[in-house]
Amino acid sequence: MSNLVSVRDLRVSFRLGKRRVVEAVRGIGFEVPENATVALVGESGSGKSVSAMSIVRLLPDNAIVDAASRIEFGGADLLTAPVETLRRIRGKDITVVFQEPMSSLNPVFTVGFQIGEVLRLHLGLSPKQASDRVVELLTEVGIPEPKARVDAYPHELSGGQQQRVMIAMAIACEPKLLIADEPTTALDVTVQRQILELIAKLQDKHRMSVLFISHDLGVVGEIADHVVVMREGKVRESGPVASIFADPRDTYTKALLACRPRLDVKPKRLPVIDDFMAGGAGQPIAVAETRVARPQEARPLIEAKGLSKIYRLKTGLFARKSIPAVQEASFSLWRGRTLGVVGESGSGKTTIGMLLMRLVEATTGEVTFDGADLLKLSDAQMMAYRRRIQIIFQNPYASLNPRFTVGQILTEPMKIHRIGASDDERFDRAAQLARRVGLPADCIQKYPHEFSGGQRQRIAIARCLSMQPEVLICDESVSALDVSVQATVLNLLLDLQEEFSMSYLFISHDLAVVKYMADDMLVMHDGAIVERGSAEAIYDAPQHEYTKRLLRSIPTGYRPANP
Amino acid sequence: MAAVAHPVSAEEAPRSQGVWGAAWTRLKTDRVGVVSLAVVAAFLLLILLSAVGLVAGGWQLEKGVPYAHPSFLGERENVEAQATDLAGPKGPPVDISDIDPLAPKYDEWNRRAREIQVSSPPRTETLLFGGDRWGRDVLAKAVKGAQMSIFVGVFAAVVATFIGTLLGAVGGYVGGRVGDFLEWLYNVFTSVPDILLIFAFAAVFGRGISTVVLILGLVGWTGMYRQVRAEYIKHHSREYVRAAQAIGASHLSRMFVHILPNISHVVLVRMSLLVVGFIKAEVILSFLGLGVPIELVSWGTMLAEAQTELVIGKWWQLAAATLFMAVFLTAFSLLTDALRDALDPKLR
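In order, the protein sequences belong to chains A and B. Take 1 as the starting number for the first sequence in my numbering and just add one per residue. Take 1 as the starting number for the second sequence in my numbering and just add one per residue.
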């Protein structure tokens with residue numbers, strides 16, 4: 001088996017400003033053999049995408065590739081090849097599927113036209129031949145009614161179908177190498193499963209190589225033959241998938257494998273990267289102790305009954321269409337316990353959180369909290385309850401006001417709710433809170449953009465804590481974070497729950513994370529709760545068809561072939 | 001990653017760049033931006049000095065002969081100035097003292113007139129950049145005119161920005177019926193041609209500097225309104241505003257404490273564009289005689305005067321006003337461009 005592409009001593013840096021140069025890739029090397037899937041795994045900033053894009057030279061203008069770097073493909077060095085050669089190769093021999101199908105398709109052309117463009121350009125097919133071939137390709141990637149879909153515009157397709165179109169475009173010229181840059185990250189679990197299966201099937205059928213870039217070891221373990229683990233621009237470890245998963249050598253790889261919540265055990269704390277890196281020897285810290293949920297009290301803290309939110313759209317002069325976001329949802333939240341809500345995009349799980357906070361007004365239903373119906377309170381009455389229910393949003397980059405310092409962010413809620421006698425006292429409290437959530441001591445004077453994603457999420461948590469809430473709604477709060485950072489934030493949330501006996505409404509699409517965090521669980525589908533119960537019961541013996549499908553879709557990681 | 005954060009943060013602790021600090025750092029790297037900033041600053045210094053009277057205080061003094069030539073054209077013959085000198089009657093005087101009843105008194109009057117000291121300052125033949133019809137220094141006029149024009153431009157822009165931002169914020173944030181009403185108001189204002197609207201306001205309010213400021217402000221808020229409204233609609237559903245709502249921040253606080261600083265760069269850039277536009281508008285208004293009062297000077301009144309002068313070949317007043325205006329407006333526009341680049345918040 002010979003190598004299709006070999007990357008040698010690749011160094012890429014980016015010029016930022018006049019004198020600042022940041023090294024993104026620091027001398028890496030790996031091979032992509034023919035007819036095999038190689039996965040580049042790493043967290044954000046590891047340089048995995050930059051490395052892959054260097055192969056087709058699709059780097060931003062400010063990128064500088066070191067002169068000694070070489071990327072060999074078909075006997076030529078792609079880094080020094082003339083642009084014309086590269087143009088012939090791109091889209092024909094080497095093709096790329098990007099992360100966001102919604103933004104990588106041109107919205108003003110039909111999908112048929114866009115796939116046909118590749119064929120006309122590289123294979124010189126006539127429009128008629130091209131359109132016949134497009135139908136074949138759409139059939140191959142599993143788009144229903146391909147004849148009709150040829151003339152569809154990208155917005156008429158679902159996210160999964162759009163990604164299928166991207167894949168059809170990529171395989172149109174029978175490429176030798178398909179680069180897939182996080183192709184399933186933006187998709188739901190069940191769709192992710194289908195796309196992964198499709199890529200594996202096509203790889204096998206066309207005997208091409210796939211360079212699969214992902215942050216998710218679970219996905220990688222299923223699809224890859226070889227794995228390259230990257231961190232901070234360097235290769236930490238590379239080898240066949242079996243050895244990486246069964247017998248990792250590198251501490252970082254071990255840590256990465258360990259800090260992802262698992263479905264089978266529920267330790268008190270998740271292992272974090274720092275445990276491994278500090279330990280040096282790579283000894284897994286003892287995390288065997290199983291976490292026990294706090295018992296249910298006599299009465300639930302929050303009880304929701306028949307909660308519905310129906311959006312009405314004008315479809316004509318008098319015609320109205322109702323779109324139910326949440327239908328007849330009833331659930332209870334107990335003091336000190338975590339209620340997990342899982343579901344795919346559009347299932348209404350986020351709306352549930354918004355309804356409890358009254359950030360969105362419910363259409364019908366009642367929410368009893370401490371004897372009062374939250375949904376019937378006036379704005380003034382609601383203020384007293386606002387303090388007691390708080391929310392942490394998904395995107396830590398968007399949920400903090402960029403023009404406020406961390407000190408202002410943390411003291412603002414105290415000012416509004418008249419906590420603390422003076423500004424000095426509030427700032428003292430803010431500093432204490434910042435320390436409690438693990439932020440550096442000098443953070444108070446800084447602005448949010450100076451912090452990493454995980455630190456920003458800690459700021460958001462500290463902001464909630466400043467009001468001493470009893471209920472915390474975590475709306476996909478760790479979904480935007482890297483795996484290692486995710487583990488530290490989850491540990492922090494668990495510590496805080498124990499310390500302040502808060503109740504969590506933990507909303508996520510990530511089934512493993514919910515399984516780890518939740519005591520009780522709701523499964524939502526199309527706005528309705530389809531299954532409820534204790535987290536263990538649902539994962540062990542799912543009743544509803546949808547729950548079963550959802551659980552089957554979870555990437556399982558590497559499974560050795562049956563002996 | 002967390003491991004690297006600590007040494008770095010300890011090192012960088014003293015300088016925590018706010019958004020404006022970062023913008024200033026970016027602006028400093030832009031050569032065109034820095035030069036235009038220097039030019040604008042020089043102009044502002046100039047009008048400050050002229051406002052306190054240190055520069056161009058005596059612009060109304062008739063220092064030179066009428067239409068005094070610029071010094072670099074000094075040799076040429078100034079026909080118009082001679083024409084005014086020889087204004088008296090020509091030819092021998094006719095003696096009509098026998099029929100003039102006042103004749104006996106002439107001698108006495110002449111004697112008394114000689115006793116009164118008439119100090120007519122010596123008029124120079126040339127001025128640095130020439131003189132106008134009355135022999136006033138064109139350069140001093142241009143500086144004084146700059147003070148007036150820039151003052152009017154900036155203040156009108158402030159008025160328009162205030163109206164536009166306030167209405168835009170309300171329209172974008174509150175929406176609903178209030179938003180519809182404001183949209184209607186906006187449509188009414190934009191459906192009338194600007195110049196007609198200006199004439200209408202000018203006819204009602206009469207003449208004066210404050211009128212010019214008010215007119216331009218009332219006419220020019222629409223563009224600002226639209227942009228601010230769009231920004232508010234965009235930011236209204238952003239997570240940080242939702243987060244503010246979740247902690248119980250009031251509507252006013254969300255509108256002006258949370259959202260406004262985040263769109264302030266848009267407002268600032270738009271306001272700079274308005275300043276440029278309003279200076280030009282003031283010039284046009286004054287040229288048409290609807291602008292600043294006759295006893296004051298602005299670039300616009302200078303251009304209006306230049307119209308008649310140009311016919312007799314006296315081009316320097318036109319040149320002075322145009323040069324000042326062109327340099328200032330170009331510098332200001334380039335500065336606006338640089339500001340827009342510098343303030344573009346790429347901070348994630």
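Check before you lean on any hint, since a few could be wrong.
[As the list claims (entries may be wrong)] The calculated lysine-lysine pairs, modelled on BS3-like cross-linking and capped at a C-alpha distance of 30 Å, are:
no., chain 1, residue 1, chain 2, residue 2
1, A, K266, A, K254
2, A, K254, A, K305
3, A, K314, B, K280
4, A, K321, B, K234
[Claimed, not checked] Sample of chain B residues with no beta-carbon within 10 Å of chain A, all distances over it, derived:
no., residue
5, V118
6, L139
7, I247
8, G248
[To be verified] Residues from chain B that face chain A, not an exhaustive set, calculated with beta carbons under 10 Å:
no., residue
9, A200
10, S250
11, S253
For the record, the hints were derived by calculation from the structure and aren't laboratory data. Idealized CB from N, CA, C, for every residue including glycine.
Hints the structure violates: just list their numbers, smallest first. Hints 2, 3, 7, 8 and 9 are the ones this structure does not satisfy, whereas the remaining hints hold.
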